[in-house]
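A.B. asks: If you want the building blocks of each chain, they are given just below.
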Amino acid sequence: MSAALDRQIRPIYDALDTGSNKSAIVACNKLLKKHPKNALVQALKALALVRSQKVEEALALCDEVLESKPADDSTLNAMMHVLRGLGRHKDMVTMYEAAYKKQPANEELGAQTFFANVRASNWKSAQLLASKMYKQFQEERYLYWSVISSVLQAKDPNTSTEMRTLLYKLALRLITSAPSPSSIRSDRFHLHLTILRELAEYDEAFALLDTPAGQGICETNLACNEIRRDIMRLKGALEEEGKRAEQRILEKNDRNWLEFLSVVDGTFSPLLQNSAVDGVKEQCASKVSNTMALFTKISVEDGKKDRSGLLGLLELEDRSRKHDSTRLLTLLKHYYELFGDKACCFEDLKPYSDLEDQELASWSEILNTSPSSLSSVESVRRVINSHKLLRYNLSRSELTVEAECSRAELYIKQYQEGLLLGKDLPSTELQPVDDLAILAGSVFVNVWKMTGDIKFLYKAAVLLEFALAKSRQAFQMRLMLIRIYRLLGAPAVASDHYHLLRIKQVQNDTLSHFILSRCSTFSLAASGDLTFSSECLEASQIYISNSQETSDFVIRAFSAEKYSQIPEFIKFEDWLENSLQRDITKLEYLRMRVAHEAISSEIIDLELIELKFIFDRLHHDNRDFEILPNYQPRVVEDFNTQTLLFGKSEGHGWVWSLLKTYITAFSQASDLDDVVEEKLLVGDRPQVSDAAKRGTLKERLAERDEEELSELTTDELSLVSYADALAAWLEPFHDYVRPPASVVLAEAAKQTELKTGMPLRGVDTTPPNGSVKKEEDTPPITDAPEALQKFFENMKARFEVARKTTSPVEALHVATLTQEAFLLFVVETLRFKTASVVKIHKLGNLVTKFKPIRAVAVTVLRDMAAALEGISAQEGTSEKRREFIELSGLESLEFDHDFIMNIGKKVTDSRKKVQEGIAKGMSKLCSTYEQ
Amino acid sequence: MLLYFVLSSETWIFGQKHLDHVLQYNIGFYLHYLSRWPDLCCVQEAPRGRMMGYVIGKAEGQAAEWHGHVTAITVAPEYRRLSLARKMMNLLELVSNDIYRGFFVDLFVRCNNLVAIEMYEGMGYSVYRRVKEYYGNLGVGKGGRDEEDAFGMSALAVCLSGRQETEKVPLDMRKPLSRDSARRSVRNNGRDIIVSAHDVS
Numbered sequence: 001m002s003a004a005l006d007r008q009i010r011p012i013y014d015a016l017d018t019g020s021n022k023s024a025i026v027a028c029n030k031l032l033k034k035h036p037k038n039a040l041v042q043a044l045k046a047l048a049l050v051r052s053q054k055v056e057e058a059l060a061l062c063d064e065v066l067e068s069k070p071a072d073d074s075t076l077n078a079m080m081h082v083l084r085g086l087g088r089h090k091d092m093v094t095m096y097e098a099a100y101k102k103q104p105a106n107e108e109l110g111a112q113t114f115f116a117n118v119r120a121s122n123w124k125s126a127q128l129l130a131s132k133m134y135k136q137f138q139e140e141r142y143l144y145w146s147v148i149s150s151v152l153q154a155k156d157p158n159t160s161t162e163m164r165t166l167l168y169k170l171a172l173r174l175i176t177s178a179p180s181p182s183s184i185r186s187d188r189f190h191l192h193l194t195i196l197r198e199l200a201e202y203d204e205a206f207a208l209l210d211t212p213a214g215q216g217i218c219e220t221n222l223a224c225n226e227i228r229r230d231i232m233r234l235k236g237a238l239e240e241e242g243k244r245a246e247q248r249i250l251e252k253n254d255r256n257w258l259e260f261l262s263v264v265d266g267t268f269s270p271l272l273q274n275s276a277v278d279g280v281k282e283q284c285a286s287k288v289s290n291t292m293a294l295f296t297k298i299s300v301e302d303g304k305k306d307r308s309g310l311l312g313l314l315e316l317e318d319r320s321r322k323h324d325s326t327r328l329l330t331l332l333k334h335y336y337e338l339f340g341d342k343a344c345c346f347e348d349l350k351p352y353s354d355l356e357d358q359e360l361a362s363w364s365e366i367l368n369t370s371p372s373s374l375s376s377v378e379s380v381r382r383v384i385n386s387h388k389l390l391r392y393n394l395s396r397s398e399l400t401v402e403a404e405c406s407r408a409e410l411y412i413k414q415y416q417e418g419l420l421l422g423k424d425l426p427s428t429e430l431q432p433v434d435d436l437a438i439l440a441g442s443v444f445v446n447v448w449k450m451t452g453d454i455k456f457l458y459k460a461a462v463l464l465e466f467a468l469a470k471s472r473q474a475f476q477m478r479l480m481l482i483r484i485y486r487l488l489g490a491p492a493v494a495s496d497h498y499h500l501l502r503i504k505q506v507q508n509d510t511l512s513h514f515i516l517s518r519c520s521t522f523s524l525a526a527s528g529d530l531t532f533s534s535e536c537l538e539a540s541q542i543y544i545s546n547s548q549e550t551s552d553f554v555i556r557a558f559s560a561e562k563y564s565q566i567p568e569f570i571k572f573e574d575w576l577e578n579s580l581q582r583d584i585t586k587l588e589y590l591r592m593r594v595a596h597e598a599i600s601s602e603i604i605d606l607e608l609i610e611l612k613f614i615f616d617r618l619h620h621d622n623r624d625f626e627i628l629p630n631y632q633p634r635v636v637e638d639f640n641t642q643t644l645l646f647g648k649s650e651g652h653g654w655v656w657s658l659l660k661t662y663i664t665a666f667s668q669a670s671d672l673d674d675v676v677e678e679k680l681l682v683g684d685r686p687q688v689s690d691a692a693k694r695g696t697l698k699e700r701l702a703e704r705d706e707e708e709l710s711e712l713t714t715d716e717l718s719l720v721s722y723a724d725a726l727a728a729w730l731e732p733f734h735d736y737v738r739p740p741a742s743v744v745l746a747e748a749a750k751q752t753e754l755k756t757g758m759p760l761r762g763v764d765t766t767p768p769n770g771s772v773k774k775e776e777d778t779p780p781i782t783d784a785p786e787a788l789q790k791f792f793e794n795m796k797a798r799f800e801v802a803r804k805t806t807s808p809v810e811a812l813h814v815a816t817l818t819q820e821a822f823l824l825f826v827v828e829t830l831r832f833k834t835a836s837v838v839k840i841h842k843l844g845n846l847v848t849k850f851k852p853i854r855a856v857a858v859t860v861l862r863d864m865a866a867a868l869e870g871i872s873a874q875e876g877t878s879e880k881r882r883e884f885i886e887l888s889g890l891e892s893l894e895f896d897h898d899f900i901m902n903i904g905k906k907v908t909d910s911r912k913k914v915q916e917g918i919a920k921g922m923s924k925l926c927s928t929y930e931q
Numbered sequence: 001m002l003l004y005f006v007l008s009s010e011t012w013i014f015g016q017k018h019l020d021h022v023l024q025y026n027i028g029f030y031l032h033y034l035s036r037w038p039d040l041c042c043v044q045e046a047p048r049g050r051m052m053g054y055v056i057g058k059a060e061g062q063a064a065e066w067h068g069h070v071t072a073i074t075v076a077p078e079y080r081r082l083s084l085a086r087k088m089m090n091l092l093e094l095v096s097n098d099i100y101r102g103f104f105v106d107l108f109v110r111c112n113n114l115v116a117i118e119m120y121e122g123m124g125y126s127v128y129r130r131v132k133e134y135y136g137n138l139g140v141g142k143g144g145r146d147e148e149d150a151f152g153m154s155a156l157a158v159c160l161s162g163r164q165e166t167e168k169v170p171l172d173m174r175k176p177l178s179r180d181s182a183r184r185s186v187r188n189n190g191r192d193i194i195v196s197a198h199d200v201s
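From first to last, the protein sequence lines stand for chains A and B.
Taking my numbering, the leading residue of the first sequence gets 1, the next gets one more, and so forth.
Taking my numbering, the leading residue of the second sequence gets 1, the next gets one more, and so forth.
Excised from the complex, chain B in its bound form (with noise of 0.2 Å):
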């Protein structure tokens, strides 16, 4: 069932049992956004109140950049391939289409994510450059930094951004809302467009 999102101790060890180690998602991490973006987070629990997945997200950008952005999707590993992303993924374009007037929504994907990139191109998402030298490559980041929290099956995509620019966002991928109705925020090459990380919000 699609819940709004609250804090409890259950949506710590799910997102903490789900997310990359890396991502030092503390007490301000959850705050922050709630306290700015509520309507743009929820969770997903089963029937009987198990958490499957959730999803947080902002508004950002400036005139015509002004869109949804998805900072982290995940979904539990017993839960996959049961349309859950989609659902969540579906409010958070109806919110950012209706109550914040974005031109789009937008998201970072890992480029070696093939699963998840797929995924997105089913809900209309297409690549919109790519981000490089975040690790000085593409890819693996530095150190063996891909190893994962003990708690940490591979989420389904790991998207921060701002200035928690710890993790390897190399695609950033976008899909248009209804305000661009001339399709201005997409493009056909995005994959041939690439920019460093200074470049991405």
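Chain A with its partners taken away, still in its complex shape (with noise of 0.2 Å):
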């Protein structure tokens, strides 16, 4: 390149350091005048384009990049950051590829390319070309790229068991290949015990460990150290583990809870191997013995300063009582005693708690006694340790609603007696009675689900909303409280607590199903405003970010050698990229996408592409549950149970009902058909999983599953049948009308001409031949299954059912369910519309079967409507607000009137705004799409 093009180069990424892509663009430009075929320009423009989201002249000039086989490093670079951002990462293998070969001996160049084929997670060729490269540069850490590559296309889910362990044997033989043993470094180390345990090789793995390199290395890496336990586990060496665990416990002071199951392990490993042996129990009893005199010895030396050797006496008794003893209960009250005001107390317990009989009785016994002293946080704790722990372990014949509600009040006695203790923490910290004012809450629910009768969520909600306001950082009440208004059909109140939360990053993964859980069925977004949408963008943003940066750091992780957490990375990034939630949030921005916009070929076209995607897509569930408290005697539901919107949380079988649904209406909308895609699609598709891989398309969206559909409400149940009628009739009519994939792909072409100026690659233009007009006759028309109007006229049924009950959300789920089903009349008649079309094909006879269906449900539709608008009046009103203070009944309680008042005026206000707008998008749907 002449130093004056370098020149005039510079200021384009400068540019587009700086992010001003618009003049990156116009300097490209500029430069492209003079020098119209320079390839860096062009990558260079072309990146400015993609990151101006200029897909499709991006796309035109990509390829033209590509065609001309670009070797230099700046071009081979800006390249690389082109197909990236268009997710073409084949594209980018072979471009390396093709610039290596060039000049082989670049090692740079070699790396770049193993790098692009790890992205594209094309192991076999990675493996291949990192076992080239050391052979050329003779590099070792090639040849553990090679070998690590092998591992994880071993570890690929696509990959066949038998594939697997030949994959395993050659990483093996590849790494025992090496000049220098695996243990010079523990990464390298630990990747080859972790073939020889997919192997089963356990005892040259016990070899390797038993060097002195090998115990150097777990002595101080906690990684290898782990796969040392697996191995001597399933080598069956426990006893000789727990040996080495007791001595480590001794002599090193190794508190590590590890060692001390490991020596439990060890306790009982006679009785592993043949219990039926004479002498075999003695043995084990002897054993037993002098581990608990062991873990005494620890438990006195250490008394308060850790709690491991009191919880190895626990899980010894614990382990023991399967065979016979009764120490627990001794056990458990030391314990008590020692840690009791400890909060880790509750937690620490309950694995061993699950009492019986008179057992139960005598540690109820101890519990009751405890001291209830609140005058230290040490006793407060205490106090609140015993009330968890007797709770836990109520028994039905306790949880009466009096018991219950005598309960509430003494937690609530003690927690305003015991806030005396904490007034003077600074607003930042937590306040020692938190869990008292959690406690009651609890049990408020829990009445509440005994009884049904909604004062009691309103005492919660007043309740946790008090403790709230003393104690800022209590995240845990803000949950519950989230919780508790969407029960109450407030969801803006909801929403307002959960952003105090300030939810951040993977957060937006793991937590976001709090609000956005069944969102749908609070969206106003048919009356245009779009609160939910934009939440569930929001929080799917963290996908976006996971796509872009993680795989980075997978590619760091080769350079530094560092290939234990290669495995790591590439997991995390499989469950953010394939998360539950994250298609759930889809899922509810879909239903309330087509509630908002007008409903066209177009959303439906690029939604259709996007949802078999996801069809295609093997989920994780990384949703927490467990971060809500959760005290309820172990005898009911929990408490996360006992508060999802509607009984049910939306697991795989939801994702999967809906999906087929939606994909159903869709693709017979649609004149996409899979030839048509696969030409018009850009970039690599996602991998598939197993089960996509088990049938067509079609027949996997006819299979309905018992399981799936029990994770639905009865209402989702009905519109799913509705759905399912629905295209089933419709779909000959269809398939019949959709026009053939030239016709598609001629158009499709002709419109990016209109607006790149380049024709569209690979697609034939050339306008197919004569009429289009199918040879086959019309299909015979038939009548309207008679579900369809059915429906609508159960879902008002149910409606007038669902507005007699106390809470609001229950109606709110039968009209937006229905509002829904409208929608999707309108999406699968939407190919109707157009008269030339019915013309041509003779389907007037179909057409005026659409009138009464239509006219039912926008009848129902306006019904539900005028009903909703109705209760909406009454809510907001000075009347609600006093309802709502008499309801709590907490006003005697010294809990201040205008406190409670305000509450009661964010949830009436809260439901009257979601009834009048769901209300004002019904009236509004039914106008646009009457006709």
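Do not take every clue at face value.
Label-pair ranges, simulated between beta-carbon atoms [claimed, not checked]: (1) A:Asp424 / B:Glu118: 19 to 25 Å; (2) A:Pro11 / B:Ala63: 38 to 44 Å; (3) A:Lys804 / B:Arg81: 50 to 56 Å; (4) A:Cys405 / B:Glu118: 44 to 50 Å.
Note that these hints are calculated values from the structure, not bench results.
Positions of the beta carbon are idealized from the N, C-alpha and C atoms, including for glycine.
Two chains, each in its own frame: build the complex with the hints.
C.D. replies: Take a look at the structure:
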């Protein structure tokens, strides 16, 4: 490149670096006038175009550069960013391979080609390439790259079991061929052990571990040590491992819980091998007493400093109880005495306190008689722990409404008394008594569940709001409140709390279910309010960052030879990429989108492609429900289950069910068949899960599995059956009318050329000869299934029942689903709106059959809208606020009148807004699609 | 139990729950550390799998300044005062000493976090210097940055260095490792030595 040109290109980089894509494009255009075929400038322009979302133009340029087979660093580098931005990892591989072929001595280019394969998950090619590089450049690193590539290929879910073994064997052969032993670096050692473990070569692994180098690594490297434990366990060397752990505990004062577990495992190892043989029991009993002596010694030595010894005793007791013994109670008591004033006591003891009968009675006695003083933070914690432990074991007969109410009363009383302790704490600190409020709130929710009386939810809300005002950082209370407000039909109040949590980063994946679960029930998208839609988009940002950033770190881990991290990073990326919540959010977004935007073939086409991708995914459920505190007795549902909207959590089945419904409707309404889609799609297809390969799309769509459907509410189930009936009826007519692929492609090519000035690549644009009219006859017109009109009539009846329930959510659920059914009808009949289409294909008779269905739907929706409006007129009034105060019944208990009034106002205002908004939206949709 | 650091959704929740919201713990933060110093990162779990705390560290510095650095260490409030931080620090010191052969381990701690300072002193750390002018004064940050996240019970110690200088990190504390037998990396009058943020790597 000439110096002059170089000087002119620099400002383009600067513009790109500072995000001034527009000026970068201008500068590129100027240079391209003089040097129209300069690949670097073209690549930089493509990059600026990608970054300004001008994908179509970028694609055309990108293809041109690729055809020129670039080989210089700068162009390759720019193209790498372009192709990544476009998701075209496969093209990146091709580009680098070609360049590397031209300059086979260029080591850096070799590495880049390897990384391109890594980004595209082409493990096989990556492995071959790394082997080749190892031979050529004699760098041991490349040998290890080829080893881990084999391992990653083996780990790929699409690799068969036999292949997997072969790949691990290949990896082992490669790693043992290395000139230096794997133990010179802990991450190489880790990789070596992983391979041996997979191949069940435990003795060989043990031999490696037993070397001084191996021992040294395990001493300082937790990851290697964990594999070592695993291998010892798999090898059946529990006793040996137990002895080693005992030594560590005694000699090195190691208090790692894993060592204690190893000792316990070692203690019972004779039983595992053969419990029938005489003497085994005695042998085991003597071992138990030895271990007991050891742990007792440790627990006495450590006292309150470390709980490992005492927890070890509990674990030992718990396991030996399955054989026989009765010391558990004493230990529980001792633990409670020693650590009862620590907040972790309840969680520590919970696994060991599933007691029955006499033992339970004695345990309860101990807890009941424990001091109930609230004079210090420690004593408050002890009281809280005793409440939690007692509550955990409550039986059904102890769970009467009266008993629960008096418990709540006690908790609240103690809460208020204990508040004094924290009165001088800065606002950033938690109050020591917080858990008493959480306990009382849990009791109220439980009573609501028992009685169905909404006033108990009011009580819970007021109490938790009060406690939260005293302890602003108590996020658990916020989470409880979010659930409660959604149950009360006050989504805006729930959202306010959610925003105060300041959800960030990956929490958008794990915690957004708190407000996005079934949020279309509360969405006012149809009346123009996009609050929830934008909430969905915001929460989905994390998936974009994941796909852009995570693979960079995989590459970095390769460069730094941190092999132990590579599979973890890939798993992490995969779990986010294929997150269940991601697609739950997507579906909710879609449901709101069709209510908000005019339904057109463009929306249908775009959404269809995306939904089909999602349909091929193997989902991971990363949602965090554990974060909600649960202090409900073990005989009833946990707090999470109790407070799910409509009592159902949407999981894989829910996602599949709705996906099938929407994909079916959209693919009928769309002109994009598989042939067309294949031609028009740019970039790589996502990896296809095994399930997706099991049948054709059509077969998979038609499958309705009982288990999947069980995740739907009854009303959602009605919607799905209705949509199935509708689709089955109209399918032959859609297939008959849909233009052939060649026509669709020609039209697409025409549009692209209009936009970018360049023809669409790989598509034959010669217009098809002659008439496009199909030769076969119009399929016989059939009557609409009765189920369609019936659905709307049934929903009307359901609505009448639902509106009489105390919380408005049920009615909203029925109303929004009815609206959704109507929108699906609009989608399915869109194609037959065009008079010419109907005329050419002689479908006039079919179209007349739409009318009565549409009429029923509109009537039912209008009635519901009117009813909702009627209800909403009563909300937000001073009577409703007064009713809230009266029902909550907490005013007497020193809770400020205005404080409660304010919560009541927020609840009833939010209800009013959502009912009014949904009614308005429904009426609007009726007028839009009435004809 | 002491486990090597795995990026799980739990780690994230935990990290976000217990650390200052001013710290942008994005995907890159964790992956950066794990792709370079995985052995200086670990988590602690309770017997039945609840996460109790974690530590993230790195190795850095030139020549006699080559050392292990504690970037973030945190213990959930319900597991405080049970020696968990000590166990994690022990590991980090062991690895810094045996694997990285560093001269010392250092960390930053807010000067108003007396509980933490006392704890580190108990572990053999001493103040090496004070860092001023992160926000023009020692202590509370600009614009009330002391305000904590909804999830952020104040972390046991929140320390960042390098490019992420968004935190107030007034005290730099050090503990010499075996390689520094002459204790050259520490000094007695550290509290009197005040340096500006630019001088701290």
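A.B. asks: Starting from the range 38 to 44 Å, see whether the pair A:Pro11 and B:Ala63 falls in it by beta-carbon distance.
C.D. replies: holds (40 Å)
A.B. asks: Range first: 44 to 50 Å. Now tell me if the beta carbons of A:Cys405 and B:Glu118 are that far apart.
C.D. replies: At 46 Å between Cβs, range holds.
A.B. asks: Is it true that the C-beta distance of A:Lys804 to B:Arg81 lies inside 50 to 56 Å, as the hint says?
C.D. replies: holds (54 Å)
A.B. asks: Given the range 19 to 25 Å, decide if the beta-carbon distance of A:Asp424 to B:Glu118 lies inside it.
C.D. replies: Distance hint for A:Asp424, B:Glu118 holds at roughly 21 Å.
Every hint, counting from the list given before, is met by this structure.
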